[in-house]
Amino acid sequence: MYKPTVTSSLLGLNRRQLLKVGGAAVLTTPFVSRAWAATTEINMLAWYGHGEADVVAEYEAANNVKFVPKYYAGGDNMLALIAQSPPGTYDLILSDAEFVQQLNAAGYIEEMNPADYPLDDMLHEDFSQFPGHWADGKMYSMILRGGHLGVSYNKNSVTAEEAESYACFWKPELQGKVGHFDWHLPTLGQMSLYDGNGADLWNLNDDQWAKVQETTMNLRPQVGGFFDYGGTFNGLKNGEMQAMVGIGDWITGVLEKDGAPVASVIPKEGGIQFTESYSIGKGSEKAEEAKKFIQYMMSPAGQVKSAQMAAYPGFCVTNAGRAALIEADMAEATRSHQIDGDPQDPITLIKEGRIHYRDIPQQQSLEDWNDFWSEYKSA
Amino acid sequence: MAAPFSQTRESPMSSKPEQRPNLYALTWRLPIIFWQLIFFVGPVLFMVAMSFFLVKNYRMTEAFEFVNWSRMLTRGFFWDSYWYTLFIATVSTICAMCIAFPAAFTLAFRASEATRRWAIFLLIIPFFTSYLVRTFSWFVILSESGVVNAVLGYVGLGPYTMLNTHFGTLVGYMTLTLPLVVILQTVTMSNIDKNLIEAAHNLGCSPLRTIWQVIIPLSKTGLIIAAIFCFILSFGDFVAPFYLGGSQEPTLPILILDTTKSGQQWPRAAVVAIMMMVTLFAIAFTGIALAYRKGKGAK
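Just so you know, the sequences run in chain order E and F.
At position 61 of the first sequence (counting the first as 1) the number is 185 in the numbering used here, and the numbers step up by one without a gap.
At position 17 of the second sequence (counting the first as 1) the number is 147 in the numbering used here, and the numbers step up by one without a gap.
This is chain F alone, in the form it adopts within the complex (with noise of 0.2 Å):
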């Protein structure tokens, strides 16, 4: 019979060492802690209570009402915004995945190690202007009487409306997202192991094919990740839907500003930056995950 494991006794051996906190570490990690509890935490969960607060007199006062929750998501617009918000973002994160591939690739398996270190410092130099700027920098170019309809005009086309549409909202989203997502692509691309390439095609994969059976498996964890940072700054972003975009259609961050606006409807506006939150919560959550799953046959 056996013995009741609670009288087993572990060898000695066997026995795992004596886990002691390590005070040093520890120390290390709470700065990093506290600036999550006191800006993330802290902000989230009053943002949350103040979706239940009520404007009187345009000044918030303390309740537990679902009067803002039910007036906002039982409205159209909202839903309208919601649809619009999640679908430009997506095309915004297809567009700027597209169009950064080719140059990702070039730069990661084409270019010298030096012409990669200069690409990646000239893509980093748009971040250190305002982003604001970047964009009124477009009402130049795209206007109807900017540069690229006086270009297209030499060849007689045009003039073509690019400004306060979606293409302008697109062309923004690209200014805010495109160079970090070359910049992760390359970064990403630049670790495969040239090997694997190598073998590819010795084995006679064409390049297509060494492309979508090798590179882009391989890189998987960083592409994502890449159109999840895209995904995420395009569905935040105010300025290039409302300034390139003209506001139309709005979304939910220009909602946000209405709501505050008339009124000064602050608890209803942080009804719409929650519903924010938790969709971006959902899509990064499912990315990662993604990102991180094994494949068939891994180990």
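Next up, chain E with everything else stripped away, as it sits in the complex (with noise of 0.2 Å):
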């Protein structure tokens, strides 16, 4: 008599096969998901963009490893963001130069061996003994990249000639339309150098810092907004915001390669250079993965990575970098002025003297900068 096989509709398997098949899934799941786990998370603390896909997708995907950003806005979030985690919490740390010193104080970060990175293939001498990223002859952060922030603004109302002094801030056809990015540090930074005070614009005696308060008071009638990172980006874009103090390229890169009228130039007082360096979280247990990404960032490859960081560009800070801009990404390279002999060549105006990098306040607290900061806002 015929018997009908019990079957499975599942690829015209019996009961028996499946059921094998089954059981060879479920007790293979343990190494599968294992295969799987081998991935390692290395947790990034870093400014936005950082830790996106068209930074470290080709690394994550040549090196299984998978990348957990937390994103910061300012120095001051990112050590409260340390503080308050357990140690370990982050394996990798980009940091505003200016907090490396108080990262490496507070014991937040591992001391780093000088020889596993391209500190004589450096573009500029003090990039490879950056200031706060040494301490008792040890190294603590690798500089990665850097910007200059000078004179934002819109090339229909103001001129390049007119640019060039941090003057056209108070030019009369920009009333309420100049702009400020919400930190009290880069506006008052420029202003200070608006005053004159040249390489001292962070080392202010009382008059001096009375001067620099009166000046910027004064500008304020012409300013339309405190924005943020976003706002700072939509002010300048739709029109309202003709010029903007506090920023540079970082901002109106983006905005020129979408065709925006805008444009940064480091006016004749000077301008003030970021500076985005990497440093390994103390505790990590990553920290060998951690100096591998460090070492790719500071690679030819990484370093066009940088500079092309979709969120906000940064120059590079090798000679090998800068090539390889100039090979994979000319454009960019002529846009951002990444080019030997350019007159705004980043480099260059490093080594006239026209750029200053950015600090804290040395005679003031930040709390004092920040409270004036208030007063300012509502006056």
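No wet-lab data here; the hints were simulated from the structure.
Bear in mind that the values here come from a model prediction, so they are computed numbers and not experimental data.
One or more hints might be untrue.
Rough simulated footprint, nothing fancy, chain F against chain E, three-plus residues with beta-carbon under 8 Å [stated by the list, open to error]:
#, stretch
1, 342-349
2, 361-371
3, 481-494
Cross-link-like lysine-lysine pairs, in silico, DSBU-like; alpha carbons within 35 Å at most [claimed, not checked]:
#, chain 1, residue 1, chain 2, residue 2
4, E, K406, E, K416
5, E, K361, F, K391
6, E, K194, F, K391
7, E, K475, F, K391
Sample of chain F residues lacking proximity to chain E, with all beta carbon distances greater than 12 Å (derived) [stated by the list, open to error]:
#, residue
8, M202
9, Y212
10, N321
11, I354
Ideal placement from N, C-alpha and C gives every residue a C-beta, glycine not left out.
Work from the hints to combine the two standalone chains into their complex.
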């Protein structure tokens, strides 16, 4: 008598075969999971953009790692996040250079071996021993990239000649059209430069500090608003703001690529450099992986990724990185003046003494500066 | 001689029935009590305690110092922000109440029941979307190259600066509060006994006088509650003054952000927050007392 076989509709397997396949799948699942788990997660604390796909995707695929970024806005915010987390929470810390000293003083970062990084290929000698990155002859942070802050303006209402001085912010036609990136440090630094403090822009005595406050207050009637990252973009893009204090190519560069008639220049009074550096978190169990990634970011390929970062551009710090950028993306190298002989070449500007590294106030506290900033905003 | 009260015996008829705790009713009340204790009273107490803490190396340390209070309350920028926030929230409340009233009046007295239901449903819809998204949409409308200026341009007007101004802030506040105020006013006025309005008409009361002397007094409670909600929402809003007002001048919520951004001064931000809460308590308490106060001749 014909006895029909009980089959599963799935792939035409009979029940016994299905059970075998199912059993095998169940038994091998732990091994499959373990294979997936082999992807190493690296916790990154950084400004927005550094852990995004355009920067890290290639590296992740090639090295079976996964970055878990935690983004912050501002060095204070970064220090607070680390202070409130258990040791070893962050494997990789991207910091503004002026905060590295504080990271080190608080014992949040590991010592690094200089031999692991291309310190002999830096575009400027300062980058090999960047201020604050070294303590007692030991290295604690590796400079990754930088950017310059100067006069950012709309080319339709400010000429290139006018933009050669911070005085253009006081142009009568710009009343209500001058915007601020809502952070006291870059703006007050620029006002200090405008007051002629030059290299001592952060080291102000009482009289100089009073003068900087007076100059800044004089600018208040020109100001049309105080903006965060997104608001700064919008303000310049939709024309509400025709000039911006406290920013540079890191904002206008993105808009310029998008076709907006904006630009940033370093005026005759000088500009400020923001510098971003990588450190390895104290107590990290993935220090080796973190070191490997920093080495990648310092390689020509990594430097190109950094220079092209979608969130905001930054300039290369190594000779090999710059050469790779020129070869890979001449348009970006030209736009950002990363060409030898360009008068606005960031390295040339540093060598000419027109650029000053961003720092924190030397004779006042950050709170004093912030309190004045609040007064200024409510004036 | 009157007997001492201790010897007075109440008659069984006059004694109140014995009040037994109703465990069933209490059980239903407990969740809201716990909720308030955990999510309101607890955090408020912690915030008050935090205002006396100190920040050392970007980390809060427990202390009992008045330095945060003295530092904030002696600064001009704090009081500038305080009075500005109070002023702009008051203007927002007046605007919202005035704009909402004709709409609510029409819905309550002129529209059919079905129309009113649909209108209230449509007024609820904005709450389905993020307030931040609705705020950002104003960028397209209010910017100098935006829709409003484009339309004004056709008749030879403008362009006018509307973003990053007090006007921009008010537009944001209206986005947040106006639907709610219209709903509250409509519901309140819908509950007025129509016979009273007809009686006023029959007695020769003009329409305007009917509004002033019949409708507004009868809907006083609801109108005040709507105004209180509008004020509270405007007073504590960060989004509109920051994104549409361009932080000029900073309101108290913006000051809280600024204070925490630099040096992680959460204790000083707590001082600002407590001052905001005290102000809102005072205004809400006064408003509610006013709303439920019985008028002259009321029984």
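We went through each hint and held it up to the structure:
no.: 1; hint: 342-349; result: holds (count 3)
no.: 2; hint: 361-371; result: holds (count 3)
no.: 3; hint: 481-494; result: holds (count 4)
no.: 4; hint: E/K406 x E/K416; result: holds, 16 Å
no.: 5; hint: E/K361 x F/K391; result: holds, 26 Å
no.: 6; hint: E/K194 x F/K391; result: holds, 17 Å
no.: 7; hint: E/K475 x F/K391; result: holds, 33 Å
no.: 8; hint: M202; result: violated, 10 Å
no.: 9; hint: Y212; result: violated, 10 Å
no.: 10; hint: N321; result: holds, 44 Å
no.: 11; hint: I354; result: holds, 31 Å
Violation of the numbered hints given earlier is confined to hints 8, 9; the remaining hints are satisfied by the structure.
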